[in-house]
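Undergrad: Single-letter residue listing:
2 protein chains.
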Amino acid sequence: MAASASIQKTIYLGPFVHSQSLTELDICEQGAIGVDEKGVIAFVEKSNPDVEDIKSKDSAWKDAQIVKITGNGFFFPGFIDTHTHAPQHPNTGLFGKTTLLDWLQTYTFPMESSFKDLNRADRIYQNFVARTLSHGTTTCAYYATIHVPATNLLADICLKRGQRALVGRVCMNSDLSPEYYRDASVESSVADSKASIDYIRSIDPSGEIVKPIVTPRFAPSCTSECLSAIGQLAKETDTHVQTHISENKNEVALVQELFPESKSYTDVYDTHALLGPKTILAHAVHLSPEERQTILERGSKISHCPASNTAITSGCSPIRTLLNEGHTIGLGTDISGGFHPSILDNVRQAIWVSRHLSIQTSSDAAKLSTEEALYLATRGGAAVVGLEDKVGGFEVGKEFDAQMIVLGEVGEVGGRGEGGIEEGPVDVFGWESWGEKVEKWVYAGDDRNTVAVWVRGRLVHKTGKYRGQE
Amino acid sequence: MAASASIQKTIYLGPFVHSQSLTELDICEQGAIGVDEKGVIAFVEKSNPDVEDIKSKDSAWKDAQIVKITGNGFFFPGFIDTHTHAPQHPNTGLFGKTTLLDWLQTYTFPMESSFKDLNRADRIYQNFVARTLSHGTTTCAYYATIHVPATNLLADICLKRGQRALVGRVCMNSDLSPEYYRDASVESSVADSKASIDYIRSIDPSGEIVKPIVTPRFAPSCTSECLSAIGQLAKETDTHVQTHISENKNEVALVQELFPESKSYTDVYDTHALLGPKTILAHAVHLSPEERQTILERGSKISHCPASNTAITSGCSPIRTLLNEGHTIGLGTDISGGFHPSILDNVRQAIWVSRHLSIQTSSDAAKLSTEEALYLATRGGAAVVGLEDKVGGFEVGKEFDAQMIVLGEVGEVGGRGEGGIEEGPVDVFGWESWGEKVEKWVYAGDDRNTVAVWVRGRLVHKTGKYRGQE
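Going down the list, the protein sequences come from chains A and B.
Take 1 as the starting number for the first sequence in full-length UniProt numbering and just add one per residue.
Take 1 as the starting number for the second sequence in full-length UniProt numbering and just add one per residue.
No false leads were mixed into what you were given.
Remember, identical chains collapse to one label, so a pair may be satisfied in a single copy or spanning two.
Here are the computed lysine to aspartate or glutamate pairs in the DMTMM-like style, where the Cα-Cα straight-line distance is at most 25 Å:
1. 194 / 179
2. 462 / 412
3. 462 / 422
4. 367 / 102
5. 235 / 389
6. 462 / 409
7. 116 / 409
8. 116 / 432
9. 462 / 37
10. 278 / 225
11. 9 / 53
12. 116 / 436
13. 116 / 156
14. 462 / 122
15. 160 / 409
16. 116 / 412
17. 9 / 388
18. 160 / 412
19. 46 / 388
20. 55 / 36
21. 235 / 187
22. 160 / 198
FYI, nobody ran anything at the bench for these hints, they're computed from the structure.
On a predicted model such as this, the values are computed, not experimentally measured, just so you know.
In isolation and in its complexed conformation, chain A is listed as follows (with noise of 0.2 Å):
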């Protein structure tokens, strides 16, 4: 396949960032970043290295292609979604009023059925996936329909796209949902699931770039049956799994309902074999302290939604308490609960959820800071899908995963920059630190900043404003 195919020796040389740390950045005014052919970082320098020096140091390198930022521009790693919902991308920004509950009943299940149809299912996935790298997604962790083609069809596109993705057929066999879209069985609940992971791991079979994943919806999409036969399925085939937890109160009290053995939310998917270290459990809103702590013993990882908690009104994930507790959390837009494919936007998001968290308890002990929130749309997500030790960083020995962000610059004449719309939203006057060019990116930047996006090496997305490799 493409996506695996050898590239050429690539030299990146200019102002790079990633997260150091959860509370400090990294960042190098004027570094280089040698990839080699197999898109795995060789050599990382730091200090105003000389290009020239590099390649008459080692042969190796003496024929590297380079790539150079110009401008107000720095590389940074590729963002990972943990959580998002591939079919429910025209949906996006439809919400009115609703909840949770009656939000399903009444956008996604009908959007969601219509996935039958495989030429509908490929324009809005073609749309969505260029989409989602457009702002600089190099993983993604996405939720299919129930119907196999088309989950199938996701995962060819990813692949073809050179997008890292999990992608998972949904498991939902109860009446939660409506007859005209769920599973008729339990049997052929596993049995779907079975044949598509079984595709997935044909058409990528190292996983370097697209996984299966088990997806059972959530608690209430299952039957107690379904959950155990879906837990044994991910065990037998060793695959991640990935499922909603705790999002919203009248949720917490319908799995009571419906699991009334159970000791909690969490201690249904703890008793049904989902609860492991491949589990991705989104929202985790309203979890107790015990709760918390099972998901800490087991391993399991945390995708916050911050902007979809916010838009369905679920309520402020307490982000702050779970990071002091240990628990490994990204970031996830939640298309189309959550309102934008960004997980810039998700960065903020969870930066406002934070501090609407200090203003509730009146305290500062709540909020997250900048530097906190890149590293959950970076390592911490990396962590949550199990390539911490592939991506999220710019080190030797990772795959070189990552974004060249530009800024605007403001001429002497003032105006709106000398690129138009295509600049963006930033305005850099010229006087500002590096921490500072960060923060306004952060706070004010989207996809047109985003000029350049490579996944293993791999140029996988460009904007007009893009100058390519020298």
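Based on these hints, arrange chain B on the given structure of chain A.
TA: Here is chain B on its own, set in the frame of chain A:
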């Protein structure tokens, strides 16, 4: 001046959307709006009118030019920004973890003091006015700095670009402000304010485009003597007044300490003759019921700045309660406490803040609907700045302040839309209702979707996607 020059009679053809009431949008799927040589709306046809019919029925329109919507577009009233600080634009996105009082000292005062340099002021103001226009802001209430020349320059720029503006020289004489940036005395504060009022009235005597506004920064920035003198000046010159009120709890405590004889923050302004029907009060987050009653009785207006209140953790203004009580409310971007110069972004933020209030109170009562937030952004804002009879909607007799919104169209093959990055972030698949298209714009749109902007029928901004007059 060019801004008041006669224009060609124009018929705007296509869908248009505006607020019918606080809770209802009027969506006309195919209409015509006739705008005369003075930029005033002469007729509105709502039932799929034929332009040749219109021209033949009334010979006065036979040579009118046509501006026609193509694709997924509609006309929408220009936005009103009822509160922003133009000189703080370069600080957009920079606030770290500060809250109001330390944020002023760290970021704001150093930046504002630099506007004694007129070249620097020119570069920043040119850039900012271009920015706000590009976001569809046709009327803006600006705080400038204490400097008369730079304040006058901002008014010049607005007049030249044709953006309606209230432009205020900031009054601040107390020692809350650093010695390097404050009015030298009460007398100079009044004299400088008067000089700026006189200048602005000299360049636009009818006040059709730019008007002066008396601008005591906020109570802690002024001595009691200064507030009285400024209140007297506003009365004598019959100008609008703008100031801040009850943004942050520490600020409220500080006001009580500085003005121990006053019953409340509101009472400070009331007893200094600064609370009248031409007064715009920004924030109003922590007002008591008694203060809200006083504001209502004086007929003063409220500027809600949701992005700013979230970003610097000020609190959630209870806008639904204020609306129920009958207050007149608009939206303000409050750059750079706010992090985005777009009122559309603040429409979203107003909805999110209301949802966070709903989360805090476990009640749906606090929620603002999409319709309500759009009303605040247009008709509400128009009433706040005293222009409710002139702008905010499309009715005969009103002036044509409008934006042409065009949404991206997803092709049959999917992908990112034919126009690439200029298409903007909204994906329309073709099956959406008109209400859904408007919601997609509100929740996912940005300045790329605002392809043209008019003030009094004069084109004041356009992007490469604007096809122009036929």
